[in-house]
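Engineer: Listed here are the chains, written in short residue letters.
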Amino acid sequence: MIGAIVIGLLAGVLAGMLGVGGGVLFVPGLVLLLGLSQHEAEATSLLAIIPVAIVGSVRQDRYGNVRRADALTLGVLSVAGAAGGVVLANALSGSVLRDGFAIFMLLVAAQLVRRVRRERDPASAAGSGGD
Amino acid sequence: MQGVAEGVHADGQRSLERTATLMAIGTLAGLFSGLFGVGGGIVIVPLLVLWLGYDERAATATSLAAIIFIAGFGAATQGLYGNVNVLDAILVGLPAIGGVLLGTWLQQRVPTRSISLLFAAVLVASAVELVLR
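Heads up: the protein sequence lines correspond to chains Y and B, in order.
Quick note: to get the working numbering, add 3 to the position in the first sequence (first position is 1).
Quick note: to get the working numbering, add 10 to the position in the second sequence (first position is 1).
Chain B extracted, bound-state conformation (with noise of 0.2 Å):
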């Protein structure tokens, strides 16, 4: 009996401390997503694998969901702001779901180093343009 309510306790506390690291995780991927305006993927999902033991698959997907809250509440503050450009949101956000199916498609069928490679000089050239213009 004692056994079993030690076993409750420790399970409570294993959920607790659950709770707080993903609580962790999401406010500094918030506070990323907001700053900069983007998902914030890239805190979520090496820290899913490092402090919760998750695969990289597992990781990317419950990012991918977890995403969806993240940058709800983002741009519903900085709609606050007035600095949300509905119409363009809508024109940019939408036709990205194709060509993120396509992109996944794709993805099985072309060998993607050397587009990496491109697209992280891209990358650096957009990054120095931004900073430049």
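One chain only, chain Y, in its complex shape (with noise of 0.2 Å):
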């Protein structure tokens, strides 16, 4: 129990610091940390998202930033995909999937290094993530 809040919280201190996303972190944190299986991890960490999308989209729309039309647009016809992805994800063995999301995480790391390379570079802007 323990375990999972300070998981939550990490997770939610650099995906606030850093502008990653918070699942790249419950994932792993979820697998390594308390010893969820690879699908377990992945469908509780959708469903944690959930509470830190609505509280993150809240406060961007108070700065006026949520195009809200494209945000329903987007969200309810993303229906297809991610039902989809986790009948996809539920096809595959936990080896495979769990391989899948090491790639993942690398890519994300790699965003990261590019990132702070950029910024370094003032010529061009900065910034990704996001969710």
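Hints in this document: simulated from the structure, not taken from any laboratory.
Glycine included, each C-beta is placed from N, C-alpha and C at the ideal position.
Treat each hint with caution, since some may be false.
Partial list, computed: chain B residues near chain Y (C-beta under 7 Å) [claimed, not checked]:
| id | residue |
| --- | --- |
| 1 | Ile35 |
| 2 | Gly103 |
| 3 | Val134 |
Anything over 10 Å on all C-beta distances counts as not near chain Y; from chain B, calculated [stated by the list, open to error]:
| id | residue |
| --- | --- |
| 4 | Gly17 |
| 5 | Val18 |
| 6 | Ala20 |
| 7 | Asp21 |
| 8 | Gly22 |
| 9 | Gln23 |
| 10 | Arg24 |
Hints given; two lone chains; assemble the complex.
Structural biologist: So this is what it looks like as structure tokens:
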């Protein structure tokens, strides 16, 4: 129980500071610290993301940054893709899914390093991430 | 009159194209999100910038709002497979809200460059740990 709270807090702080998504931290945290299977961790991460996304987008909406109509269209029309992705995940074995997730983590790490290097170079603008 | 009709037609065409583009982004992000159990912002943000001319800030904010739906659909589907651990999701998700607020506050006050690099190293180490365990 304390492990889960620590994962949430730490992942949240890093997500808020660095602009990366919570999921990239929730999933390995749930697998490595709480011993969930890759499938359970991914499923649980999806549910855990929702309250964070709600609070984050309400704040962003107050600053006028959310284009509501587009967000609604994009979100609602994602239903087939989201369901398809979950069906695909459940068709794969835990180890294949885990290896795929490890590659995804390396991509996020590479993106972070690239952003740091870009910020050092004032010629181009910064930032990415967002989930 | 004809000009007005053409204008309306062109507007309809444009909004149809925009809806199709948003649907394509939503589908790609949904696939990615469902497959990996993440929000999908890493897919949505660059595509909103690239395909719809969003600036980074609006793209990140709009992505966050869309993720409520995307993660919701994915979690519901995972629920049908019996994979969702609801108690753990609550124990992780609620403290994460406080964490994000603290992280956003810290971001304005401490240099994030070295933390980014340290965190990238932690991600690489965790990826190795995941694969090897």
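Engineer: Identify whether the interface hint at B/Ile35 stands, where standing means a beta carbon of chain Y within less than 7 Å of its own.
Structural biologist: Given a least distance of 6 Å, the restraint on B/Ile35 holds.
Engineer: Is B/Gln23 truly not at the interface, in the sense that its beta carbon sits beyond 10 Å from all beta carbons of chain Y?
Structural biologist: Its Cβ never comes within 10 Å of chain Y, the nearest being 16 Å, so this holds.
Engineer: Does the interface hint hold: is B/Gly103 within less than 7 Å of chain Y, judged Cβ to Cβ?
Structural biologist: With a closest approach of 4 Å, the B/Gly103 hint holds.
Engineer: Given B/Val134 as an interface hint, is the shortest Cβ-Cβ distance to chain Y below 7 Å?
Structural biologist: Holds, about 5 Å.
Engineer: May I ask you to check that B/Gly17 keeps its beta-carbon over 10 Å from the closest beta-carbon of chain Y?
Structural biologist: holds (20 Å)
Engineer: Is the Cβ of B/Gly22 more than 10 Å away from each Cβ in chain Y?
Structural biologist: holds (15 Å)
Engineer: Does the claim that B/Val18 lies outside the interface with chain Y hold up, using a Cβ gap greater than 10 Å?
Structural biologist: holds (19 Å)
Engineer: Checking a non-interface call: every C-beta of chain Y should be farther than 10 Å from the C-beta of B/Asp21. Is that right?
Structural biologist: Its Cβ never comes within 10 Å of chain Y, the nearest being 14 Å, so this holds.
Engineer: Run the C-beta distances from B/Ala20 to all of chain Y and say if the shortest one exceeds 10 Å.
Structural biologist: holds (19 Å)
Engineer: Minimum C-beta separation from B/Arg24 to chain Y exceeding 10 Å: can you confirm that?
Structural biologist: At roughly 13 Å from the nearest Cβ of chain Y, B/Arg24 sits farther out than 10 Å, so the non-interface label holds.
When the structure is compared with the earlier hints, no violation turns up for any of them.
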